[in-house]
Amino acid sequence: MSGREGRRLVPAYMATGGRAQPSRNTLDRLTLLSAASSRLPDRLPPAERQLAVLVRGGALSLAEAAAYLKLPVSVVRVLVADLVDTGFLNARAPIPLAEQHDQKFLERVLDGLRAIR
Amino acid sequence: MDSAPSVNATYLDSAAQTLVKVLVAGPFGVGKTTLIGALSETTPLHTEETMTQAGAAVDDLEGVRDKDTTTVAIDFGRRTLPHDLVLYLFGTPGQRRFKPLWEDISRGALGALVLVDTRRLGDSFEVIDMIEEAGLPYAIAVNTFDDAPNYEPLVLRDHLDLAPDTPLIACDARDPRSGIDALIALVSHLLTNSAMDSAI
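If you read the protein sequences in the order shown, they are chains Y and U. Residue 20 in our numbering sits at position 20 of the first sequence, with consecutive numbering throughout. Residue 63 in our numbering sits at position 63 of the second sequence, with consecutive numbering throughout.
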């Protein structure tokens with residue numbers, strides 16, 4: 001747990017226009033976000049615009065986007081879903097758990113860890 | 001009017017395609033954030049999560065009255081590995097009252113490192129129970145505080161009621177190499193389980 005610093009860029013209650021549920025429910029903290037277009041849509045609500053500008057700089061996980069925007073993960077899920085719907089954002093789900101427990105995959109992780117040791 | 005990003009984000013390497021989640025679980029003050037900081041390539045980030053009263057149902061609600069939500073900060077960090085992998089480490093609170101949040105964070109996690117402080121062993125029971133209930137594989141990393149009692153591994157296993165094959169390792173949460181060794185122990189354990197499953 002760490003202290004809080006700075007202010008939210010957008011108040012959480014305003015960020016989604018009052019909606020609590022994203023338009024899709026597959027968005028994980030590790031969903032990989034990247035810009036699908038280099039052009040920002042013309043009219044975007046402020047919070048979506050902040051997210052769009054952030055992700056235009058490069059790929060990030062949803063959790064990182066939430067941390068940088070100082071917004072709760074639940075709110076960023078809604079924003080991501082909206083930006084995916086409008087075609088600005090690509091959101092790729094992390095690999096399924098069953099595949100993570102595949103031996104080849106685990107060996108790949110183990111090799112990676114040994115390489116940075 | 002394309003404004004510049006107002007935050008200094010550390011973006012993912014464009015080759016990094018596979019994001020892997022590991023929990024760093026344990027009671028308050030056990031060193032989760034220290035370990036995450038030691039292992040991360042960037043300064044750890046945090047998200048602020050709001051818990052509603054429903055999530056605090058088993059908590060003592062006396063004196064809470066008007067306060068029906070609690071905010072808790074979830075620290076996390078990331079480390080890019082070879083082979084296009086990125087490891088994300090999420091600090092996970094060990095209290096049962098955070099269970100809905102806990103379930104959300106742990107979904108899709110490869111496994112958990114449970115940090116234990118031998119001065120306060122009892123504080124770890126709740127988090128170990130929750131991890132077992134969730135069916136999440138885990139390894140125990142004993143954070144070696146200077147003034148902590150040094151138990152024999154068998155005694156510690158008995159105290160924590162560990163399965164014989166659960167990895168139990170000493171770990172200095174401040175030391176990156178020690179943290180990586182703990183992760184290697186966890187993933188080796190997963191690999192053994194996976195090999196056993198496929199042999200059946």
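FYI, nobody ran anything at the bench for these hints, they're computed from the structure. Fair warning: this is a prediction, and the values are worked out from it, not measured in the lab. Heads up, some of the hints might be wrong.
As the list claims (entries may be wrong) - Chain Y stretches covered by chain U per the calculated footprint, using a threshold of three residues with CB under 8 Å from any CB of chain U: (1) 78-89; (2) 102-108.
Stated by the list, open to error - For each label pair, taking beta carbons as the anchor points, the in silico distance ranges come out as: (3) D175(U) / A36(Y): 37 to 45 Å; (4) P46(Y) / F145(U): 42 to 50 Å; (5) N150(U) / S34(Y): 45 to 53 Å; (6) P164(U) / Q103(Y): 20 to 28 Å; (7) L136(U) / P45(Y): 35 to 43 Å; (8) A15(U) / T86(Y): 23 to 31 Å; (9) A148(U) / G57(Y): 38 to 46 Å; (10) P46(Y) / T192(U): 49 to 57 Å.
Idealized CB from N, CA, C, for every residue including glycine.
So, going through the hints one by one against the coordinates:
1. Only when three residues or more bring their CB closer than 8 Å to a CB of chain U does the claim for the stretch 78-89 of chain Y stand; here the count is 0, and the claim is violated.
2. With a cut-off of 8 Å between beta carbons, the stretch 102-108 of chain Y has 5 residues touching chain U; three or more are needed, and the interface restraint holds.
3. The beta-carbon spacing between D175(U) and A36(Y), approximately 41 Å, falls within the hinted interval of 37 to 45 Å.
4. Range check, P46(Y) to F145(U): Cβ separation about 46 Å, and the 42 to 50 Å hint holds.
5. The hinted window of 45 to 53 Å between N150(U) and S34(Y) holds, with their beta carbons roughly 48 Å apart.
6. At about 22 Å, the CB distance of P164(U) to Q103(Y) agrees with the hint of 20 to 28 Å.
7. Judged by the Cβ atoms, the range 35 to 43 Å given for L136(U) and P45(Y) holds: they are separated by roughly 37 Å.
8. Distance hint check for A15(U) and T86(Y): the Cβ-Cβ separation is about 28 Å, which falls inside the suggested range of 23 to 31 Å.
9. Restraint check, A148(U) to G57(Y): a C-beta distance of roughly 44 Å satisfies the suggested window 38 to 46 Å.
10. In this structure the supplied range 49 to 57 Å holds for P46(Y) paired with T192(U), their Cβ-Cβ distance being about 50 Å.
In the structure shown, a violation is registered for the earlier hint numbered 1 alone.
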